[in-house]
Structure formats: C-alpha cells, structure tokens
Amino acid sequence: MITQQLINPRSIVIIGGSNDITKPGGKVLKNLIDNHFGGSLYVVNPKEDIIQGIPCNKTVDELPQCDLAILAIAAKYCPDTVEKLARDKQTRAFIILSAGFHEESAEGALLEEKIVDTVNQYDACLIGPNCVGMMNHHHTSVFTTPIPKLDPMGVDFISGSGATAVFIMEASIPKGLTFSSVYSVGNSAQLGVEDVIKYLDETYVPGSSSPVKLLYIESVIKPDMLLKHAASLIRKGCRIAAIKAGSSAAGSRAASSHTGALASPDVAVESLFRKAGIVRCHSREELATVACVFMHKALKGKNIAVITHAGGPAVMLTDALSNGGLEIPHLENTELLAKLFQGSSVANPIDFLATGTAEQLSFIIDACENDFPQIDGMAVIFGSPGLFEVYDVYKLLDEKMHSCSKPIYPILPSIINVKNEIEYFIGLGRINFPDEVNFGNALCKVFNTPAPGPEITEQPEVDKVAIRAIVDEAADGYLHPEKVQALFDAAGIPRAGEAVVTDKESAIQAASKLGLPVVMKVVGPVHKSDVGGVVLNVKNFDQLVIEFERMIQIKDTTAILIQPMLSGHSVYIGAKREPKFGHMVLCGLGGIYIEVLKDVQSSLAPVSQVEAAGMITRLKSYSIIQGVRGQEGLNEELFAGVISRVSALCLAAPEISEMDINPLMGNMKTLKAVDARIRIEK
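Once you know that position 251 of the sequence shown is 251 in the numbering used here, the rest is easy, because the numbers rise by one and skip nothing.
Take these hints with a grain of salt, some might be off.
[Stated by the list, open to error] Quick list of in silico lysine to aspartate or glutamate cross-link-like pairs, EDC-like style, CA-CA up to 16 Å:
1. Lys-504 / Asp-435
2. Lys-84 / Glu-48
3. Lys-483 / Asp-472
4. Lys-580 / Asp-224
5. Lys-175 / Glu-421
6. Lys-175 / Asp-319
7. Lys-504 / Glu-547
8. Lys-528 / Glu-547
9. Lys-504 / Asp-542
10. Lys-149 / Glu-421
11. Lys-682 / Asp-542
12. Lys-76 / Glu-62
13. Lys-419 / Asp-435
14. Lys-236 / Glu-270
15. Lys-620 / Glu-655
16. Lys-395 / Asp-435
17. Lys-445 / Asp-542
18. Lys-445 / Asp-319
19. Lys-175 / Glu-286
20. Lys-175 / Glu-369
21. Lys-297 / Glu-423
22. Lys-84 / Glu-62
23. Lys-23 / Asp-61
24. Lys-300 / Asp-398
It should be emphasised that the hints constitute simulated quantities derived from the structure, not laboratory data.
My request is simple: use the sequences and hints to build the entire structure.
The structure is reproduced here in structure tokens:
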C-alpha cells in the first residue's frame, strides 16, 4: 500500500543526516534543499547541532510528528527506529537507503522482516531497503544525481536497481525526456515494481496522470499483479516499456521434452509482456529511445515519410524502418519538387539537400500532412556541418509538431555543432532522437507490440469433471498414452485413432481396425526417433510383425503405439507450467523442425482463439502454414482452436507440468494430434 505521506509529504526527517554530502544522508538532504522541498525538514544525528543549516535533533524522541522518514543509518539500528517513528511520530512512509539486509545475510533478512512487520502493522509503506530513494514533483528524496526535470506529465519510472535508474536517467535527460516520478525499490521488502504499477493504475486519471511508464525489473515477483495492472493502464491510454534483466539461455534448465527446453523463464516474461502490451527493451539506450517515441503522437499506420537534408542517415533510417516492418512508400509530387532546390528528390526519402531551408522543410511537412494521405508519420533528419545556425529550422519543427495531426519525429544528430539550438529545441518541451537507427528500431518495436487483450479471456468449453477424474487418480510422471487420449477427448482436442499394444496379435488387430498404412512408435523412451522407435508408412502385416518384434526389444520400451498414417503439414503445440506465471502455451512447426528451427511463439494461459491466431501469424515459418509454391496450407482456425483448447486443459488441470503435442498433422480440412506426452507433477 502506497500512502499519501510518501507521495506528497508535509514533513520529512532524515535519520542519519550529515554535513558530508558525499554520504547518502548528506546528499539526500542537499537534494531536498536544492530542489526546494515545500514542507518541513528535520534531521536526526546524535553528533551534530546544525546540519546544512537545519537544527539537528539528537534522537528520534525529540522530533515532532513527521510524514516521511528517510533512514541512512546502519541496518541494525533500523528496526527500532522504524518502530519508534511509526508508533510515536505517526510516520506512515519510510525510505531506507541503508544496505545490509537480506541481500547480505540471514541476520539482515531477519532485520528486514521485522521492519516490514512494523510497517504493515501501522498501515505505512516502505521503499527499500538498499535503494537510492524516490522522487516526484513534490520531493526529491534520493541521494543521487542527476535530478531530472520533474513534470506531472513526464515519465513514471520504477527500477529494481538504483544504479541502473541513474544510468537510464542519464541516457534520457539529454534527449529531452522529463519525469513525473522515479522509484528505486531496492530489496522490494514491502513494495516492488508490481506494487507501484498497481498504485499508478488505481490512481490513474486520464489527462492529468503521466501517460508513460518505464520499468527496469530484475525479478518478476508478482506476475499476475504486473499483468493485470500494466494491461489496465495501457487500456486506459498509457504506454509502458520495460527491461527485464537476466534473459540469457544460461538461466534455462535442462528438460526432458521439447517444451521444457524451449519454454524458459524468460519466455514466460516475454509472454507476459506481450499479453499486457508492454514494449520489451534490452538496453538502457533502447528503453530511453522507446520512451521518447511514446512522448509523441501515436503512429496510426505503417507508412513513414523520411525527410532529410543528408543522404547517408536517411538510407540507414530507411533500412531500420523497413527491416522492422514499417514501409517507406514511393511518393510523387511535381508541385512540391518545384519548390525545392534543383537536385532535390521527393520520391521518399524526401531529400532537400544540405542547402535546404526552413521554408522548404515547411513545404515538405505540409505536403506530407495534407497531400499524401498514405503517409502516417514523418521522420525529419536535420543536422548541420557547423556553417550556420539552425534555430529557424528547429523553431519551425516545433510549430509543425503542434499543428500537424500526424506524428513528426525530430532526428537532430549534430549534438556538438548545433548544441545550443538543440538545447533551445528541448527547452520548448521537445525531444531529440540523436541517432536515426536507434530511433528507427525503437519506432518499429513500439508499432509492432500488440495492444493488450480484453480483461476477460474466452475459453472453449471442456469436460472439467472428466479431466479432474483422470488427473486426480494419476501419479506423478508421464501419463500412459491411453490417459493422454482420454484427456484430449475430454478437452475436445482432435486426435488420430490409435491403439497401444504389447503383443503382435493385438498389433495386427489394431492395424486392421485403423486401416493400413500405419505408424508405429515405442512407448517409454523419451526421444523415440533417436533409438529407432518410430516407423512410418507400414503398408502390410508382414512388415508390421517384423517391426513390432524389433521395436518391443528397444531399451525402456513398455508397449507399441499404432496410429493411421496421416499426411499434411506437421505442427506443434506445447505447454509448460512456470512457477508464479502459470502455464505457457507454445506453438510452431512440428516434427524435427521444432528442434532445428526453434521457431515458436508463446502466450500465458488463458489463451483465446484470437490470441492463438496471433501466435500463429507471428511465426517466422508462417508462410509455410499458409501454403507456398502451390502446396496446400493448414487450416489456421483449427490450429488456433486447438491452441486455445490446450490452454483450457491446463487451466482445468494445473498439475500438468509439461505437455508436447508433436506432431499434429493437418491440411485445410482437418487437424489431428498424432503424438503427445503429458507430464503430471502434483
């Protein structure tokens, strides 16, 4: 729970304040004084009488009532200090800068736990410990710099790392980005990134709350909370970008199934961000640039006009935009061309040469706004070789950004030659993108991130009673094929006819019933094809008997699975339960392609039919599913339907830890599960 005393305190006390501004207790006080905190400031330090001009209290007992306490003292003294302040001074907000808690030792963890118990007992809130503090336009309770321009309509920024928060602000401020609030949550003992997002959602007022949120996350502790409130904010009109650190493959564990190997914890994070509508970034510079894109009018379509007086940057920007899925359509306009210097081009990129003027730029922008209805946004590249000032160009850009309905993105690369002009432009409340490729990549990432789905996800009806009966009586481990078949029937997942046999007479009877040709697979070994445990297109009973007698002797084989030989496209659906996140559902091409290409898309259950269709279209191999070079494609509606049914099955049976359906075989008329494994962990 975030209290008003944290957001807008009437009084702040620094416990451990200092005259030494190289110490956290001294610097946080200096920041509050320098940035003109409007309430009462108090300091506690037993060794001083006056600290930075403020009379010093020797003990907490000497203090009057105080809204917010900032602690910069040794960890061992913090629990008792918090209790005194909460009990005797009505303090309901705490920022603990000190380290030495659960990040260091078991003893520190106990101190942290005691503090949280006290804070909760008094309905107070806690930022930290082990953090740099927090700030907004009411107070700058941090011991670091820089202090950005604080504006209620700037960016809300929440970071799990204090140092990283500083570095991200340093990447953002020179571009002109302003901030509404900055939270460094440190150890997140009581309030983590998710809790702050929850507060920002519950207090959001369209038009007067910050429209942009940035996150730096080291651990997703409460994924359900993050998904719910991030998606809610985005539906209200906010835009959110985030870095989640720790995404390397080294963090993935070995697994016994394709799904287990492919569905790492980072895939769960990726799925959560996509489901919420969060733009995922992977560097400080990318996060800052995406935030700058957010601060402009939203791009409504994918057609961009690149307006430039320099050829090279325009080519590099065009490449970045095109590679990211945006388009630079060819343009023609003889009337516009006549207003430019000879040698200019309006074909797009619109190049009005190094000698181009502010007036010519005005003509070009007006044409893109009014005469080219296919254009959805403009990227304007304008630097300088240092021969003359360009105030008039940047003043015009500001005016056109006000008057045009289409977004205009200013790329002003001459950060030394026209440093003063760029400062003037930023002083008008504008943002600069100094690097055209970073901008192009960020714009594509923003445009290609889907909006969050509806609050309520529709799921197909499944026979929950039958599913529960099977799962409740199952032991941990892989289900017998007959139980898998029964689960699929209860979930409405279409499957090929099959039989599990343990002798050759039963194999002949099964093949007669299913109809030749058939497929034979061993039951037991994990990777069947690696041990010769899969035989396709068995056309007669003599071959059936020979293969049965060979396969039943393969190590770990307990039976033989017989299915009709199906043809068509081979696709894959999997599911994996990830702690805290629930079930991830994955899809891709099937057979060995899942191992070779690793081309999969994922989402978190529940997955609707519409969301499943989006998973399919995002596959790199989507054109194969559509059908290429005259080949019949796969029925995407059937494929999406099975994905959604797998999601519903996992919700009905959360004990499913891993599921592989590989392959499903199908064409435009039918799709059936051919082989499947389901592992239960209760």
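Against the structure, the hints come out as follows:
1. At roughly 70 Å between alpha-carbon atoms, Lys-504 and Asp-435 are farther apart than 16 Å, so this suggested pair is violated.
2. In summary, the hint linking Lys-84 to Glu-48 is not supported, as the alpha carbons are separated by about 21 Å, beyond the 16 Å threshold.
3. Restraint check for Lys-483 and Asp-472: the C-alpha separation of about 12 Å stays at or below 16 Å, so the hint holds.
4. For the hint linking Lys-580 to Asp-224, the alpha-carbon distance of about 8 Å falls within 16 Å, and the restraint holds.
5. A hinted pair counts as satisfied when its Cα atoms are at most 16 Å apart, and Lys-175 with Glu-421 qualifies at roughly 13 Å.
6. For the suggested pair Lys-175 and Asp-319, the alpha carbons sit about 23 Å apart, so the restraint of at most 16 Å is broken.
7. Distance check on the hinted pair: Lys-504 and Glu-547 sit about 10 Å apart at the alpha-carbon level, within 16 Å; holds.
8. The hinted pair formed by Lys-528 and Glu-547 meets the criterion: a straight-line CA distance of about 14 Å does not exceed 16 Å.
9. In summary, the hint linking Lys-504 to Asp-542 is supported, as the alpha carbons are separated by about 11 Å, within the 16 Å threshold.
10. For a cut-off of 16 Å, the pair hint linking Lys-149 to Glu-421 is broken: about 19 Å separates their Cα positions.
11. The hinted pair formed by Lys-682 and Asp-542 fails the criterion: a straight-line CA distance of about 43 Å is larger than 16 Å.
12. Pair hint Lys-76 plus Glu-62 does not hold up; C-alpha atoms about 21 Å apart against a cutoff of 16 Å.
13. For the hint pairing Lys-419 with Asp-435, the CA-to-CA distance comes to about 15 Å; that is within 16 Å, so the pair holds.
14. Only pairs whose Cα atoms come within 16 Å are accepted, and Lys-236 paired with Glu-270 is rejected, the gap being roughly 22 Å.
15. Proposed proximity of Lys-620 and Glu-655 is contradicted: the alpha carbons are some 31 Å apart, above 16 Å.
16. Distance restraint check for Lys-395 and Asp-435: the Cα-Cα separation of roughly 20 Å exceeds the 16 Å cut-off, and the hinted pair is therefore not satisfied.
17. For a cut-off of 16 Å, the pair hint linking Lys-445 to Asp-542 is broken: about 58 Å separates their Cα positions.
18. For a cut-off of 16 Å, the pair hint linking Lys-445 to Asp-319 stands: about 14 Å separates their Cα positions.
19. A distance of roughly 12 Å separates the Cα atoms of Lys-175 and Glu-286; the hinted pair therefore holds under the 16 Å criterion.
20. At roughly 25 Å between alpha-carbon atoms, Lys-175 and Glu-369 are farther apart than 16 Å, so this suggested pair is violated.
21. Distance check on the hinted pair: Lys-297 and Glu-423 sit about 22 Å apart at the alpha-carbon level, beyond 16 Å; violated.
22. Restraint check: the Cα-Cα separation between Lys-84 and Glu-62 comes to about 11 Å, which is no more than 16 Å; the hinted pair holds.
23. Of the pairs offered as hints, the one joining Lys-23 and Asp-61 is violated, with about 24 Å between alpha carbons and a cut-off of 16 Å exceeded.
24. With a C-alpha separation of about 21 Å, the suggested pairing of Lys-300 with Asp-398 is violated against the 16 Å cut-off.
Violated hints, listed in ascending order, are 1, 2, 6, 10, 11, 12, 14, 15, 16, 17, 20, 21, 23, 24; each of the other numbered hints is respected by the structure.
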